[in-house]
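Following the hints, complete the assembly by docking chains S and Y onto the known chain W.
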Amino acid sequence: MESKSGLDITSKQLIFIMIGSMLGSGILSLPRLAAKEVGQDAWLAVLLGSLFPLASLSLIRFLYKKNNAVSFVKVCRSVSGRWLGGLFSILLASYSILTASVLLRVFIEVVSMFLLSETPMLVKLVLMLSVCAYLASSNAKVLGRVNEFLFYILLPIVFFSLPAIISNADIRNLMPILNFKVSDYAKAALTTGFAFSGFELYIVFHPYVLREKEAFGASLYALLITLAIYLYFVVGVILVFGTELTQKFIWPSLRLLATAEVPVIERIEFLFIQAWIGVSFRPISIQYFCASHIIAELFKLKSQRWSTLALFPIIIGIAYYPKNVLEVFKLSDNVGLIALSIGIALPLILIICGLFTGKRGGKQNENA
Amino acid sequence: MVKRLISIKRKVKPQKYKTIKQIATTARLRPDNSGKAAAPALDAEEWFRRELAGNGDIVFRDLMIGGSEDLEAVLIYTYGSIDKNTLNVNIIKPLMNFKDKAGKDSGSSSFVKRLMDSCLTVGTIKALKDKNLAKDEMFQGRVILLLNNIDQIIILEVAGVKARQVTEPENERTLRGSKEGFIEDLWNNVAVIRKTLPDPTLKVEVSKVGRRTKTDLAVLYVGGLADAKLVKEVKSRIKKIDIDGVLANGYIEAFIEDNPYSPFPQTQGTEKPDKVVAALLEGRIAVVLDRTPYVLLVPAQLIQFFQAPEDYYERTYIGTYIRILRAIAFLVTTSAAPAYIALTSFHPELVPLELLLNIAELRKKVPFPPVIEALIMEFVIESLREAGLRLPTAVATTLGVVGGIILGDAAVRSNLVSPAMIIVITITIICNFIIPNYSMSLVIRLLRLFLILAAASFGAFGITLGWLIIIIHLCSLESFGVPYFAPIAPTRFKDLKDLYIRVPIWAMKERPVSIPGYNKKRVVNAREQKDGK
Amino acid sequence: MLTGCWDAKELDDLSVPLIVAYDTILESEKEYPDDKYLVTVGVPVFYEDVKGKFHIIDTTGQIIGEARGRRNTQIGEQVIFGQIQLLLLGEELVKKENILEIIDVIVRNPRVKASLFIVIAKGRAVDLIKKPIPNYPNVGIYLKALMENSKNTSFSPYTTLFRLNRDLVSYETAAILPHIIYRNGEIMLAGSCLVNKGKLSGDMGREETETAVMLRGIKCRGSLSFKVQKDGKVIDEATFEGSNSRKVTVRKEGDKYAFNIQIKLAGVIVEHKKQKPMQDGTNLLKVFQDSLEQHIKKRAEALVKKTQEEFKFDALNLANSIKAHTREKITKEDIDKIIQESEINVEVKVQIRNAGGKM
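Protein chains in written order, with numbering that gives the first Met the number 0: chain W, 0 to 367; chain S, 0 to 532; chain Y, 0 to 358.
You may find that some hints are simply not true.
Unchecked claim - Each computed SDA-like pair below joins lysine to any residue, with the alpha-carbon atoms no more than 25 Å apart:
{"id": "1", "chain 1": "S", "residue 1": "Lys228", "chain 2": "W", "residue 2": "Arg171"}
{"id": "2", "chain 1": "S", "residue 1": "Lys194", "chain 2": "S", "residue 2": "Arg236"}
{"id": "3", "chain 1": "Y", "residue 1": "Lys35", "chain 2": "Y", "residue 2": "Ile56"}
{"id": "4", "chain 1": "S", "residue 1": "Lys363", "chain 2": "Y", "residue 2": "Ile56"}
{"id": "5", "chain 1": "Y", "residue 1": "Lys246", "chain 2": "W", "residue 2": "Asp169"}
{"id": "6", "chain 1": "Y", "residue 1": "Lys328", "chain 2": "W", "residue 2": "Leu238"}
{"id": "7", "chain 1": "S", "residue 1": "Lys83", "chain 2": "S", "residue 2": "Gly140"}
{"id": "8", "chain 1": "W", "residue 1": "Lys322", "chain 2": "Y", "residue 2": "Arg110"}
{"id": "9", "chain 1": "W", "residue 1": "Lys301", "chain 2": "W", "residue 2": "Leu83"}
{"id": "10", "chain 1": "Y", "residue 1": "Lys150", "chain 2": "S", "residue 2": "Glu353"}
{"id": "11", "chain 1": "S", "residue 1": "Lys134", "chain 2": "S", "residue 2": "Ala247"}
{"id": "12", "chain 1": "S", "residue 1": "Lys234", "chain 2": "S", "residue 2": "Arg175"}
{"id": "13", "chain 1": "Y", "residue 1": "Lys328", "chain 2": "W", "residue 2": "Asp169"}
{"id": "14", "chain 1": "S", "residue 1": "Lys92", "chain 2": "S", "residue 2": "Asp56"}
{"id": "15", "chain 1": "W", "residue 1": "Lys35", "chain 2": "Y", "residue 2": "Lys196"}
{"id": "16", "chain 1": "Y", "residue 1": "Lys8", "chain 2": "S", "residue 2": "Ser334"}
{"id": "17", "chain 1": "Y", "residue 1": "Lys255", "chain 2": "W", "residue 2": "Arg171"}
{"id": "18", "chain 1": "Y", "residue 1": "Lys263", "chain 2": "W", "residue 2": "Ile164"}
{"id": "19", "chain 1": "Y", "residue 1": "Lys8", "chain 2": "S", "residue 2": "Pro347"}
{"id": "20", "chain 1": "Y", "residue 1": "Lys328", "chain 2": "W", "residue 2": "Arg171"}
{"id": "21", "chain 1": "W", "residue 1": "Lys247", "chain 2": "Y", "residue 2": "Asn97"}
{"id": "22", "chain 1": "W", "residue 1": "Lys247", "chain 2": "Y", "residue 2": "Leu99"}
{"id": "23", "chain 1": "W", "residue 1": "Lys35", "chain 2": "Y", "residue 2": "Lys331"}
{"id": "24", "chain 1": "Y", "residue 1": "Lys8", "chain 2": "W", "residue 2": "Glu117"}
{"id": "25", "chain 1": "Y", "residue 1": "Lys331", "chain 2": "W", "residue 2": "Leu83"}
{"id": "26", "chain 1": "S", "residue 1": "Lys363", "chain 2": "Y", "residue 2": "Tyr46"}
{"id": "27", "chain 1": "Y", "residue 1": "Lys285", "chain 2": "Y", "residue 2": "Lys331"}
{"id": "28", "chain 1": "Y", "residue 1": "Lys263", "chain 2": "W", "residue 2": "Arg171"}
{"id": "29", "chain 1": "S", "residue 1": "Lys234", "chain 2": "S", "residue 2": "Lys178"}
{"id": "30", "chain 1": "W", "residue 1": "Lys186", "chain 2": "W", "residue 2": "Leu325"}
{"id": "31", "chain 1": "S", "residue 1": "Lys213", "chain 2": "S", "residue 2": "Ala253"}
{"id": "32", "chain 1": "S", "residue 1": "Lys364", "chain 2": "Y", "residue 2": "Tyr46"}
{"id": "33", "chain 1": "W", "residue 1": "Lys247", "chain 2": "Y", "residue 2": "Val104"}
{"id": "34", "chain 1": "Y", "residue 1": "Lys263", "chain 2": "Y", "residue 2": "Ile217"}
{"id": "35", "chain 1": "Y", "residue 1": "Lys331", "chain 2": "Y", "residue 2": "Ile56"}
Simulated from the structure, these hints should not be mistaken for lab results.
Isolated chain W (complex conformation) (with noise of 0.2 Å):
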């Protein structure tokens, strides 16, 4: 049962590893994203946005088929030869370093304006980042572990808004549907997109799930399931609050629930952004794992420690660069689209090298 390295998932934990790379920061300020676009129909936008994950995904799976190889790094290697394949994984391992800086500013900055506002931001930056170097620095297995846990204790949030959304929801909010142009819709479903950005690291997760049948069956079913969630955030606050002024907020999920007047526990958004820090932590923290798992891999170190020390101080160092909200906006945008395009096109790209070295390398050995 023991792998020498502990790399082995079962395809349960794959599902609960996709999902917390992609439900991230998204729930927050999705409602407003969509909406802007396409009104009361930011719901078909999100569904729309959806299908990107699911072009991925499968490209992911028809590149794997093809090439039979025990982790990311040599089935780069192994389509496109040795120095384009490390340049491939570098190309991935820097997109997640970027991915995870971006993520950890963006939630710093919710943080501030909620809990801790005087608190240097080095000093936030570096507390949260080293919880999850803690846990990047560990195994896939234990990655699995805690985001299986870490599943479970969301779920409560998503019911105590429950309450709120019954009691202030107005049905004619959501009316009429389909009342944009199609270029709207389109638009819309690229912004959406971005928030299901994590989908790309299942190309690292995938050769490590025990039974590798399962493993696509499992990337859809987190894909679902946070496109289930994600729904659910986007309806209840225009229920709530109508498009308009779901525009008018940064983060209307946020402010959600803190319409809801329940008596003893004045701030459900307390608890909300509590249970928020283990829902946001889980991305950074895969990025930061796929990051230097990736390095670890492509330099042969001995542990996976050492480039999670040494990657600490340039995800610190990106995080730590923009200086106000709008900076971290324009540059979560940009890394939102980078992450679409790596998402679709580094599949494709390794799938289409695939094809020309295939007549030529045959089989690669293959570590067992």
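Quick look at chains S and Y alone, frame taken from chain W:
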């Protein structure tokens, strides 16, 4: 004391007055301290007398077997560790009355055999040639018999050290289960376990640990249930232990656990036989050490520390209720004080209005910030508890009254501590005692301290980060290959039946999934159904 | 580290405003000639042996935030806004300025609770705050309790920050805010006013307020007294206590809209003077129901007429139904026009469960 036991090599300087320790270390040297090793070829008896010089509790009993002068023998034993009656009646008397039918020329080994088989009426007996081994045996409480001109030495088991009475262990009280606990004698403990579980597949494998203490250690497991790889792993880790002395099971635990840097205990210890048997039936392995009433159970998982065997003896609903109560108590005891600090120092807008005004008014009089208050109270209560542990009961009661009631009241009146804080700390301490396992409740104190400091520095953010660190740590712990945090993560739904609720005994059909093993069916016939099938 | 790194605030070092009031400014109160607003806060005092338990501070400024800044020089502690329970606005202020602009400083703060109550004071808010309340610890607590329980004891329009925002911004209807006056030594609720496009545009007395609440569908529990009529003759006077709800249906006939507002009331009869036995199988209960229905319907129709002729804007929270019904882009002016021109029908359904313990 530990340090001295572990260091083996020491420089020996001749001194005017020797300590017993020095005598022990110089026992290998000649009496005139010339530094040369003792000459090897000596008469057995002289060798023994030389080796054991300086020990006042060793008796050399000369006798003649059967009364004949050419069958001289010496009995060597430590005075306090034998049963004198057995020695006199079953060894010395038969030896003196021994009529050797065969005669001396039949050979020394057959003579020894005849002695052992027909003369010495003792249960456990064996013969050795190695003098050093025999010396060790004697020091372990056996009687050795040296025979004149025969190189075999007979070892006799005549144990008689007074053992403690079987009492109820103090830390694991039960209301409805057996109140028997283990005592310090290994063989008695193993016997009790065998009595509770007379299954022939229960295996007891004995070995010795500790260079100088040579303590007996028994590894117990049920052959058909425990995973063979697990057993092998446990045995190999025990074999690797190499220290001077093993005094308690805590030493063994430190050597065989997976992660010595973690605050969480990775083996479970108990003093009650029923707990051990329950664990064995689940496929776990028990490690019993001589001189300790405390038995180790491996592998361990977090939820075990929150279970008490009582839960199984009471009815389902009660058991479930108590389990849930414990879970809530755990949350309260770790998070109540940190939450109070975080709310009053960092997030006053989250406290309901009337409560806030009350607390604020009370706090106006107190000079310290809430953290200092919390730490002061923690320190006082911990000191009370620690001091009360070792005091005789009468003094402890007085201490309780003084400390608890009078001190608390005075503290509030003198405005050193605010009443709200006292309530919080009191509830915390009470909830701490709900945890059935003693080692775990100590760990929880550490966790609480950590969370208090985290809350004091960064408020609610600090508490959440603290919990995240604890969760990550728990998820990465493994005890002999079994995930520590199961069945919470990885969630094994079958095992959840035993976690928060306590499903009736007749519904717990299978053994825990988390622990590797064979033969997963626990109950073959479910409860008799209503229509009598 | 033990005293909290950067963000820790000692609880007794804080001043926690419970109630905030904004007013237009009188010449005598101006600190600087350009000041436009008067900001008053009520802060409970935490010290024990002092005389005044509630500290009321007022400052002036050109803009609300400036007044707040000036106030910081008067208070000995740090101010946190998370516990503000009530926002009191002077009548004059809301008539002149857009309410959303004034309260922006409160809305922008993420730590302010969205369920704080907004109330309009008849006259000047600052006068109201300074009145002594003998039976409650301070004004803030009294007003908060008043507003919290108002929806359970009478048909009054409790409005929180969130609802105000939603009504004005998303629904594009007029918001309704309760009115508070000081009369005979007591502060009390007396009617309400309508805020259209952010400015105060209409006044309603107590009875009209109750009708408006029922028409708008704000769920409350209150009491209604009415005269029981059978065959045109007044036979009794009774009081009904119950809760309300509403249902709106929209029909489009060509270019014109037709609305149907159905008000549902459910509750019990707590008093009827003539004490005729009602609960023994006679039809008297139905007579009561019908009378109440007629009574409310009359009041509602009067209010609808007032809306269409006097107010000329959407005071009945019908905008959302319009927007849900059509695919075209509708502006506020369109909505107002539609309200004026359409046919608005009111239906009342009353359900009386029982009439107490007496036959």
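Original post:
Which of the listed hints are not met by the structure?
Top reply: Hints 1, 2, 12, 25, 27, 29, 35 not satisfied by this model.
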